[in-house]
Amino acid sequence: MGRVRIVWGSGTGPTALASYDAALAAANVQDYNLVRVSSVLPVDTTVSLAGTAPDLGPVGGKLTVVEARGTTAWTRSEDSENPPTRPAEGTTDYQSTSAGLGWAQAASGRGTVYEATGTDREAVHEGIDAGLRAGCALRELTPAHTDRVVLSADGGTERIETDNEGDLPSSNGPRYASINADRSAPPTSRSENDVSRGTNTDRSEGRHLTAVVLAVYGESDPIF
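Residue numbers for the sequence shown, in my numbering: 10 to 233.
Take these hints with a grain of salt, some might be off.
SDA-like cross-link-like pairs, simulated, lysine to any residue; straight-line CA separation at most 20 Å [as the list claims (entries may be wrong)]:
id, residue 1, residue 2
1, K71, G11
2, K71, T171
3, K71, G127
4, K71, V44
Pair ranges (Cβ atoms, derived) [what the hints assert, rightly or not]:
id, residue 1, residue 2, range
5, V52, A146, 27 to 35 Å
6, P23, L147, 39 to 47 Å
7, L43, R148, 34 to 42 Å
8, G11, N42, 15 to 23 Å
Hint data in this document are derived by calculation from the structure and do not stem from the laboratory. Even for Gly, the Cβ is constructed at its ideal location relative to N, Cα and C.
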C-alpha cells in the first residue's frame, strides 16, 4: 500500500526562491531534490495529513511530490517615492498568499490531486473544487472520499483550512474548517484558530513570502 503525506509551510527570504526554500524548510523537505508529478493517485494509496514531514531518507535524495506554491512580496504605499523597506517587527505588511491541494479517491484508493494558488483564499478553494470535479469526470471516478488543505500566510500568521467529505465539494461554494496550525501534532478537523507563527528566515531579509502545500509520495530514492 502506498502512502502520501500532506505537508505545508511558509517562509520569507530576500528573493522569491529563498522564500520558497524557507517554506520547504518549514515543511521539512528542504534537503531533498523534489520531482514534481501531475495529479494521479495509484490504487491502494493512503493519504494522511502530516503537516511537517518526518525523516524520509538521506539528504539529496529524490522525493516525488505534487506541489502548490504561492509567492508574494511585501506591499508599500502607491504614493511613496522611497524604495520599500522591510516590514516592521510584529506587523503583516505582506500581501496574503494561499496555496492548496485537494484530492478525491475511489474506494480502491485510486484518485486524483488538484492544486491551486493565489492571493484570494476563497478563489483557491473554488479552484480546487472545480479541478476535482473536472478531474473525476474526466477519469469517470466516483469518489468515496475527498479532502483538501489550504495554507494562507501573510508573514505574521498562518491559517490552515481542511475539508473532509464523503463526496465531491459542492459547486455552490467551498466547505472547510479552520484548524490549529500547531506542528507538534497533525491537524484536527472542525476547530477554528488563526495562529501567529514565525518563519524560517530572518524578517530583516524577508522581501518575499512563499506558502507551499505538498503531497509527498512515499520516501526518497537515491539520485545516483
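These are the hints, each one checked on the structure:
{"no.": "1", "hint": "K71 / G11", "verdict": "holds, 17 Å"}
{"no.": "2", "hint": "K71 / T171", "verdict": "violated, 28 Å"}
{"no.": "3", "hint": "K71 / G127", "verdict": "violated, 27 Å"}
{"no.": "4", "hint": "K71 / V44", "verdict": "holds, 6 Å"}
{"no.": "5", "hint": "V52 / A146: 27 to 35 Å", "verdict": "violated, 19 Å"}
{"no.": "6", "hint": "P23 / L147: 39 to 47 Å", "verdict": "holds, 41 Å"}
{"no.": "7", "hint": "L43 / R148: 34 to 42 Å", "verdict": "violated, 25 Å"}
{"no.": "8", "hint": "G11 / N42: 15 to 23 Å", "verdict": "holds, 20 Å"}
Hint compliance for this structure: hints 2, 3, 5, 7 are broken, all remaining hints hold.
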